[in-house]
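*Asks:* Protein chains in written order, with this note's numbering: chain A, 1 to 263; chain B, 264 to 400.
It is possible that some hints are incorrect.
What follows is a list of derived Cβ distance ranges for each label pair [to be verified]:
no.	chain 1	residue 1	chain 2	residue 2	range
1	B	Leu392	A	Val121	42 to 52 Å
2	A	Pro132	B	Val308	40 to 50 Å
3	A	Gly134	B	Gly397	41 to 51 Å
4	B	Gly338	A	Leu128	41 to 51 Å
5	B	Arg378	A	Glu137	36 to 46 Å
6	B	Tyr314	A	Gly122	20 to 30 Å
Some chain A residues close to chain B (C-beta under 8 Å, calculated; not the full set) [to be verified]:
no.	residue
7	Gly55
8	Ser57
9	Ile59
10	Ile98
11	Val101
12	Ala118
13	Ala196
14	Gly200
15	Gly211
16	Met214
Derived by calculation from the structure, the hints in this document are not laboratory data. This structure is a prediction, so every number in the text was calculated from the model and none was measured. Cβ atoms here follow ideal geometry from the backbone N, Cα and C, with glycine treated the same way.
Here is how the chains run, residue by residue.
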Amino acid sequence: MAGLLGALTGLGGGVVIVPLLVVAFHVNVHYAIGASLISVIATSSGAAAAYVREGFSNIRIGMFLEIATTLGALLGAYVATRLPTGIIAIVFGSVLIISAVLSPLVRHSRKSNRRADALAVGLKLNSLYPTPDGPEEYQVHQVPAGFGMMFGAGTLSGLLGIGSGAFKVLAMDQVMGIPFKVSTTTSNFMIGVTAAASAGIYLRRGFIAPGLAMPVVLGVLSGSMIGTRILVRAKTRWLRAMFVLVIAALGVEMIYGGIVGSF
Amino acid sequence: MAESNVSRKNEFLSKWNDERVERILGTLLQTGVIISGSVVLIGGVLYAVRYGRVPVNYQSFDPERASLRSLKEVGWGALHGDGRAIIQCGLLLLIATPVSRVLFSMIAFALEGDRLYVAMTMIVFVILLYSLFGGAG
Numbered sequence: 001m002a003g004l005l006g007a008l009t010g011l012g013g014g015v016v017i018v019p020l021l022v023v024a025f026h027v028n029v030h031y032a033i034g035a036s037l038i039s040v041i042a043t044s045s046g047a048a049a050a051y052v053r054e055g056f057s058n059i060r061i062g063m064f065l066e067i068a069t070t071l072g073a074l075l076g077a078y079v080a081t082r083l084p085t086g087i088i089a090i091v092f093g094s095v096l097i098i099s100a101v102l103s104p105l106v107r108h109s110r111k112s113n114r115r116a117d118a119l120a121v122g123l124k125l126n127s128l129y130p131t132p133d134g135p136e137e138y139q140v141h142q143v144p145a146g147f148g149m150m151f152g153a154g155t156l157s158g159l160l161g162i163g164s165g166a167f168k169v170l171a172m173d174q175v176m177g178i179p180f181k182v183s184t185t186t187s188n189f190m191i192g193v194t195a196a197a198s199a200g201i202y203l204r205r206g207f208i209a210p211g212l213a214m215p216v217v218l219g220v221l222s223g224s225m226i227g228t229r230i231l232v233r234a235k236t237r238w239l240r241a242m243f244v245l246v247i248a249a250l251g252v253e254m255i256y257g258g259i260v261g262s263f
Numbered sequence: 264m265a266e267s268n269v270s271r272k273n274e275f276l277s278k279w280n281d282e283r284v285e286r287i288l289g290t291l292l293q294t295g296v297i298i299s300g301s302v303v304l305i306g307g308v309l310y311a312v313r314y315g316r317v318p319v320n321y322q323s324f325d326p327e328r329a330s331l332r333s334l335k336e337v338g339w340g341a342l343h344g345d346g347r348a349i350i351q352c353g354l355l356l357l358i359a360t361p362v363s364r365v366l367f368s369m370i371a372f373a374l375e376g377d378r379l380y381v382a383m384t385m386i387v388f389v390i391l392l393y394s395l396f397g398g399a400g
């Protein structure tokens, strides 16, 4: 189920898995994050093939922004493996609530007539994407701001074991003006690499427990294979509404757990 | 003569266009996931057979379970049929999947003659290697 939702929203599923393991199964936060990172890689890689066939994702945008996300992921993982679990849980809950509140406020970016960022031209980020009326051109804006946000998204990913796809999509869709479907699929592409950057550190610190990661990975893998097939057909608006609902529900759950102090 | 060389080169390069590269990358990722998923499944079955009835507590961090941290330990255990080590092996393969995608992208960009993106991909690759093998953990 988490895998299905994760693939659907481009979230990577981590945002669902960590609270589930911590709240419902009383798993240590560090172990939960380790297992989640692994599942995030599985979802991202498993879904990528299907996304790629649709021709939405932009490999250059992805690779350029991955410099920011992987550096952030290193920082996040380094900090998280040294923080007490209680603090991570509180940060996790806050991030969920913030994203739930912000999400309905952001409008779907309309095609702008602004001229493309000179950096975007230099970096060859502008491209085409398939629409019902044939391939359409798009231009990338505010490259430095987007790059900075991606560093933040990477840090969150390493800190909380989430794909932080929501923040990646936010940065690409809202800040850089990249079409929504290109943003979600490129984000999915980037999530795996970002998570791999922090998973290495978690592994070497001993926070990836095979007995725990095994069922999580297998569950998520079977879910993600189904999820991608739905995304390709799904309407963007429906996708967004679903995404906001999931985030809001989890935020409430984590805040409740935080107040009670159960982890 | 020179002209035909140029056109042949262009023909070769056009085969390496982005769309084709992305398609190959997608297949690479899916293959990696299927292989690592199968290894995890095999290890999981062995693990369940041996430890299936032992209750496990993941509530607190246990350094005992943290023994499978290095490539050497994982490889040794996997060769001796330890289910946990085989699972960990599969997890390592899973982590290696996006890493290999980055490596393949680098080759693809090099074949396209896109030096800027070879350099960018190289940076990402070095960061990933640092995470897996680097000093501070």
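*Asks:* All the hints need checking, so say for each whether the structure fits it.
*Replies:* Each hint tested on the structure:
For the pair Leu392 of chain B and Val121 of chain A, the beta carbons lie near 31 Å from each other, so the given range of 42 to 52 Å is not met. Between Pro132 of chain A and Val308 of chain B the CB atoms are about 46 Å apart, so this pair conforms to the stated range of 40 to 50 Å. Hint check: Gly134 of chain A to Gly397 of chain B, Cβ distance near 46 Å, so the stated range 41 to 51 Å holds. Roughly 45 Å separates the CB atoms of Gly338 of chain B and Leu128 of chain A, a value that falls within the hinted 41 to 51 Å.
Look at Arg378 of chain B against Glu137 of chain A: about 25 Å separates their beta carbons, and that is not inside 36 to 46 Å. The hinted range of 20 to 30 Å is not satisfied by Tyr314 of chain B and Gly122 of chain A, whose Cβ atoms lie roughly 56 Å apart. The beta carbon of Gly55 of chain A comes within 7 Å of a beta carbon in chain B, closer than 8 Å, and the hint placing it at the interface holds. The restraint placing Ser57 of chain A at the interface with chain B holds, with a minimum CB-CB distance near 7 Å, inside the 8 Å limit.
The criterion of a C-beta within 8 Å of any C-beta in chain B is met by Ile59 of chain A, whose closest approach is roughly 5 Å, and the hint holds. Hint status for Ile98 of chain A: violated, given a least beta-carbon distance of 27 Å to chain B, over 8 Å. Hint on Val101 of chain A is violated. Least Cβ distance to chain B is approximately 31 Å, over the 8 Å limit. The closest approach between the C-beta of Ala118 of chain A and any C-beta of chain B is roughly 15 Å, which is over the 8 Å cut-off, so the hint fails.
This hint holds: Ala196 of chain A has a C-beta 5 Å from the nearest C-beta of chain B, less than the 8 Å allowed. Because the beta carbon of Gly200 of chain A sits about 3 Å from the nearest beta carbon in chain B, less than 8 Å, this interface hint is met. At about 6 Å, the closest approach between the beta carbon of Gly211 of chain A and any beta carbon in chain B falls short of 8 Å, and the interface hint on this residue holds. The closest approach between the C-beta of Met214 of chain A and any C-beta of chain B is roughly 4 Å, which is under the 8 Å cut-off, so the hint is satisfied.
The structure fails hints 1, 5, 6, 10, 11 and 12 (numbered hints given earlier, in ascending order).
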